[in-house]
Amino acid sequence: MTASATASKAGWRLKQPSIIPGFGLTLGFSLAYLSLIILIPIAGLLWRTADLGWSGFLAILSDERTIRALYISFGTAFIAALVNVVFGTLLAWVLTRYRFPGRRLIDAMVDLPFALPTAVAGIAFASLYAPNGWIGSLFMPFRIAFTPIGIVIALIFIGLPFVVRTVQPIMEEIDREVEEAAATLGANRFQTIFNVLLPGLTPALLTGFALAFARGVGEYGSVIFIAGNIPYVSEIAPLLIVIRLEEFNYAGATAIATIMLLISFAMLLVINLIQAWSRKRYGNV
Amino acid sequence: MSENRRILFRNPADESFTTKLVLVCLSLVFLGFFLFLPLVVVFVEAFRKGGEAYYEALAEPDAWAAIRLTLTVAAIAVPLNLVFGLAASWAIAKFEFKGKAFLTTLIDLPFSISPVISGLVYVLLFGTGSLLGPWLKSYGIEVLFAVPGIVLATVFVTFPFVARELIPLMQDQGTGDEEAALSLGASGWQTFWYVTLPNIKWGLLYGVLLCNARAMGEFGAVSVVSGRIRGLTNTMPLHVEILYNEYNMVAAFAVASLLALLALVTLALKTFLELRFGAGAAGGRH
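Residue numbers (our numbering), protein chains in the order written: chain A, 1 to 285; chain B, 1 to 286.
A hint or two may mislead.
Claimed, not checked - Derived lysine-lysine pairs resembling DSSO-like cross-links, with alpha carbons at most 30 angstroms apart: (1) A:K15 - B:K20; (2) B:K100 - B:K20; (3) A:K15 - A:K280; (4) B:K137 - A:K15; (5) B:K100 - A:K280; (6) B:K98 - B:K201; (7) B:K98 - A:K280; (8) B:K49 - A:K15.
As the list claims (entries may be wrong) - Derived contacts from chain B toward chain A, CB cut-off under 7 angstroms, selection only: (9) V22; (10) C25; (11) V29; (12) F95; (13) P115; (14) V116; (15) L124; (16) F145; (17) A146; (18) L184; (19) G185; (20) G188; (21) E241; (22) I242; (23) L261; (24) L267.
Unchecked claim - Covered stretches of chain A (chain B as the covering partner; in silico rule of three or more C-beta atoms under 8 angstroms from a C-beta of chain B): (25) 57-69; (26) 139-148; (27) 228-236.
None of these hints come from the bench; they were simulated from the model.
Beta carbons: idealized from backbone N, C-alpha and C, even for Gly.
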């Protein structure tokens, strides 16, 4: 009896033995800081939502304006992420395979959306794509700014580096001999790219898509200037949260935030599953 | 002559010159519309009415207050996340323990949360309807619509940056160096200062750089908790928004141009670090 109890005690161990000190201190500090800054505030949000009750929660979510805002946020983020998968893959390809003047500069510039504050990107896009702007005036009478297309434009900017930076390292690791083998077996270049290279890139493309999509759904700063923010037409969900807060309608803001949070968690799970699957299938990220 | 002949033979595992040209041009046009023009338009609009109007816009007291606040907030938020990043990466990279993967996922959480929601959670925690807000207020401590709230929201949003750069780097380096130092009689702190820190310094700098850029540029989260009181709780990105909505375009783009410069400096330093030291293999999730 006692023997099995000690055996099971020895079997469950929080950490593997190590001579390196500081485990308790660093893990303890990390957990405390994580809880204070992230976990407790998020728990507070979920707690407030639970206070609304199931019917109260559903009542807010079935509001027409909320549904439209969520639909616009998810729809535009989806389209932008699709565009980014196409152009992000093209960019990653051009940057890894071809040598041309300015390649280094362009490679560095791809990270601009990570570094440029969203509000700056927002006003820049609004003035570029406005009907009297440099690009907007080219497309007149077709309007880009202050329509959902404007939202898509801003989200393409925001999501681009996610796809490029996920796909690029995988492309760099492709063994050129695979392509040469395909060519000697009679495949033309098009067949090699689509039947040989693309399947290996699929996990990276899916991850890049999911990251760009998740970021686009929650994006606020770069969108609100170009969107025009017309309720039911070009009003995104994060903006609706802000509007509800400004009306002191905390219940409304909380419910929308919770549903967005739950969908984000689901997205995070999907991303992790794709990566686990890809590790198993291809042995890399 | 021989040059021409070489072009006639094309590597079957490569595209033709025309295809390459078309693909490169397509990429350049795409980038022109989505990356270069937005950057250019910021500076063109800022200098639309000449250099004098530009300097006037920046010399305005409210603009100065916004710049000072932004620097203050970053000066608090970045060191906090730096210490956390070091602690978390030490625990995660140097030890094997249960729940490690879950902890790593939790650290990434702020990346997948809308900035507006990051601000909202603090409004709910410290707002009028909460328990904490009125209690702190009775001691004269304002969190919401004041600097502490802005700092908290910024810390939330920039939470993963340093940890995310350091964890893979320290995992790659393993524990061999530390174990050697310890076996030679170094204390834990000595090991950290003289062995671990020099090993990770460029990765650390890289993480701090990205963390700082985001901290100074954060908009959504900060706009929810700040209350946008001019000269008091207005950070630079919020000041840009106010000026823009007042149709004061030159001033809005002048302040925006400072933030764009910050972004360009960040990118330049980041590229330099990558080329020189191979620090932090351009991680995808910022």
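Hints breached by this structure: 1, 2, 4, 8, 9, 10, 11, 16, 17, 18, 19, 22, 23, 25, 26 and 27
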